[in-house]
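Could you put the whole structure together from the sequences, leaning on the hints where they help?
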Amino acid sequence: MSQVNSSMGKRPLMALQRAMNKEVRVRLKNMLEYRGTLINVDSYMNMFLDNAFEHREDGHVSEKLGRVVIRGNNVLYVVLGDESLL
Amino acid sequence: MSQVNSSMGKRPLMALQRAMNKEVRVRLKNMLEYRGTLINVDSYMNMFLDNAFEHREDGHVSEKLGRVVIRGNNVLYVVLGDESLL
Amino acid sequence: MSQVNSSMGKRPLMALQRAMNKEVRVRLKNMLEYRGTLINVDSYMNMFLDNAFEHREDGHVSEKLGRVVIRGNNVLYVVLGDESLL
Amino acid sequence: MSQVNSSMGKRPLMALQRAMNKEVRVRLKNMLEYRGTLINVDSYMNMFLDNAFEHREDGHVSEKLGRVVIRGNNVLYVVLGDESLL
Amino acid sequence: MSQVNSSMGKRPLMALQRAMNKEVRVRLKNMLEYRGTLINVDSYMNMFLDNAFEHREDGHVSEKLGRVVIRGNNVLYVVLGDESLL
Amino acid sequence: MSQVNSSMGKRPLMALQRAMNKEVRVRLKNMLEYRGTLINVDSYMNMFLDNAFEHREDGHVSEKLGRVVIRGNNVLYVVLGDESLL
Amino acid sequence: MSQVNSSMGKRPLMALQRAMNKEVRVRLKNMLEYRGTLINVDSYMNMFLDNAFEHREDGHVSEKLGRVVIRGNNVLYVVLGDESLL
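Chains as they are written, first to last, in my numbering: chain U, 1 to 86; chain S, 87 to 172; chain P, 173 to 258; chain E, 259 to 344; chain B, 345 to 430; chain C, 431 to 516; chain R, 517 to 602.
Note that these hints are calculated values from the structure, not bench results. Do not rely on the hints blindly, as some may be mistaken.
As the list claims (entries may be wrong) - Straight-line distance between alpha carbons at most 30 Å, and here's what the computed DSS-like set of lysine-lysine pairs gives:
| # | chain 1 | residue 1 | chain 2 | residue 2 |
| --- | --- | --- | --- | --- |
| 1 | C | Lys-459 | B | Lys-366 |
| 2 | E | Lys-280 | B | Lys-373 |
| 3 | C | Lys-494 | B | Lys-373 |
| 4 | E | Lys-280 | S | Lys-115 |
| 5 | R | Lys-545 | C | Lys-452 |
| 6 | U | Lys-29 | S | Lys-115 |
| 7 | P | Lys-236 | E | Lys-322 |
What the hints assert, rightly or not - On the chain P side, residues computed to face chain E include the following (Cβ under 10 Å):
| # | residue |
| --- | --- |
| 8 | Leu-188 |
| 9 | Met-217 |
| 10 | Asn-245 |
| 11 | Leu-252 |
Every residue, glycine too, gets a C-beta built ideally from N, C-alpha and C.
Written out as structure tokens, the structure is:
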């Protein structure tokens, strides 16, 4: 998709960048969720998390993963900010 | 897809831009819906919402998400304007 | 897909452009249909409709949406012209 | 996909172009079929048909659509020429 | 995908080009198969077949199609050469 | 995906190139497998095999195909080297 | 997706590069997992593993594969570092 209008305000991906080194929840299309510290993100929403845990759809932890690179095209959404992670 | 005709009138994405800082309903392909204030959108329809809630297909709230970045390629449609959000 | 032959006659998308401000029926891959006035369309078939209603596969209205931006890559087909909307 | 070898003989899409103003059968991935007069086609196989009818997989007409733009990425195949449409 | 190494030997698609005017079997992702004479192929594996027949997964003919353009992104594989068509 | 870092070590696809004229096992997303001699591969992982056989998920041969071009975007993985083919 | 902001910090894919010659766990969208030594990775997340084993979703080994090239667009995530592989 070529850039429709380069002046489309601050990118949503910038919000992801600003969340680096903070806790995030990454929900994938298959509804599994990965919670951890966001170390790095690129423009394809590929993300590198540390201290990551996999959570099933019901929220329970299913696995401790540690350091994980998630491929962007599986991502449904990313919840930012502490409030949502209490 | 290369731009077929650059003069294709005002982009539909401009309508999304004009909805920034307003309430929107974002329906995903899996029929889950996210309602919140649209903070930012880019040309891939990646969207950053604030005060977002997840709604099941029947309209009931399933989760409070707060600040969330939704990946554009999951989007089915975005409802704009107040009337639809009453 | 690069342009195979730039002289491929008038684009099918031009037909969509000429339908701006007219009633259209937009059928999505999930077989839901959106009927409304076509305000805007771009080369990815992203469409901005006004006075839009969602119709189930059986044709019945399932929801009044008002102003809605539909993401092009979900589109199956778009029916143009009045005759089909009687 | 970049062009592997620009001299790859006449494009299959040229065959579609030559079928303009003739009857075609467009089978989609969901196995629904659209028969009508091909008005226009582009390099993404987006097609504009007139006098189009939707046919179920068993061949029976399910709906009269009239003028319809079909999005190319749903297309499975396009049958050209009269013989197959008898 | 950009070209990793332009010297990656003769392209597999060249093998398809060399099969022009010969009998081929085109198996699609939905496991339906189309057998006919390959008239033309492009770098997206869009193919134009003549005297084509549709075969179900069990090999039986389900329909005579005649001249058909098959969209490349549905293709699973293409069997070349006579031996396999006996 | 643009090249993130052109110095990303020898490409995995080079490993496929080095396997030309050797036996490979190509597993597709639908879990069918194609074993044969790799004649050619390109940067989209389109592959041309000779003396190819189709194997079901349980490993049994389901069909002798001979010369076959497999479309890259269906590939799950490719097993190289003899040991795995004993 | 064009680069939104070339200064988006160190790429997540760099983390994969730094894991070359170390043990990784590659989970695919179909939930099968491939464990082995990462020999090489490119910007499409195509990966070349050595001494690779296929593990079912329950973690049990289903097959010894040896040297395998995994196509990037099937990847869900990649777990790095020893801790997770104990």
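Hints, verified against the model:
1. Note on C/Lys-459 and B/Lys-366: the hinted pairing holds, with a Cα-Cα distance of about 29 Å set against a maximum of 30 Å.
2. Taking the CA atoms of E/Lys-280 and B/Lys-373, the gap is about 29 Å. The hint holds against a cut of 30 Å.
3. Distance check on the hinted pair: C/Lys-494 and B/Lys-373 sit about 18 Å apart at the alpha-carbon level, within 30 Å; holds.
4. Only pairs whose Cα atoms come within 30 Å are accepted, and E/Lys-280 paired with S/Lys-115 is rejected, the gap being roughly 35 Å.
5. For the proposed pair R/Lys-545 and C/Lys-452, the alpha carbon gap of about 29 Å is at most 30 Å, so the pair holds.
6. Simply put, U/Lys-29 and S/Lys-115 have alpha-carbon atoms about 10 Å apart, close enough for the 30 Å limit, and the pair holds.
7. Pair hint P/Lys-236 plus E/Lys-322 holds up; C-alpha atoms about 25 Å apart against a cutoff of 30 Å.
8. Below 10 Å, beta-carbon pairs count as interface contacts, and P/Leu-188 has one with chain E at about 6 Å; its hint therefore holds.
9. Hint on P/Met-217 holds. Least Cβ distance to chain E is approximately 6 Å, under the 10 Å limit.
10. For P/Asn-245, the shortest C-beta to C-beta distance to chain E is roughly 7 Å, which falls under 10 Å, so the interface hint holds.
11. Interface hint at P/Leu-252: satisfied, since its Cβ lies 4 Å from the closest Cβ of chain E, which is below the 10 Å cut-off.
Consistency with the previously given hints fails for number 4 only.
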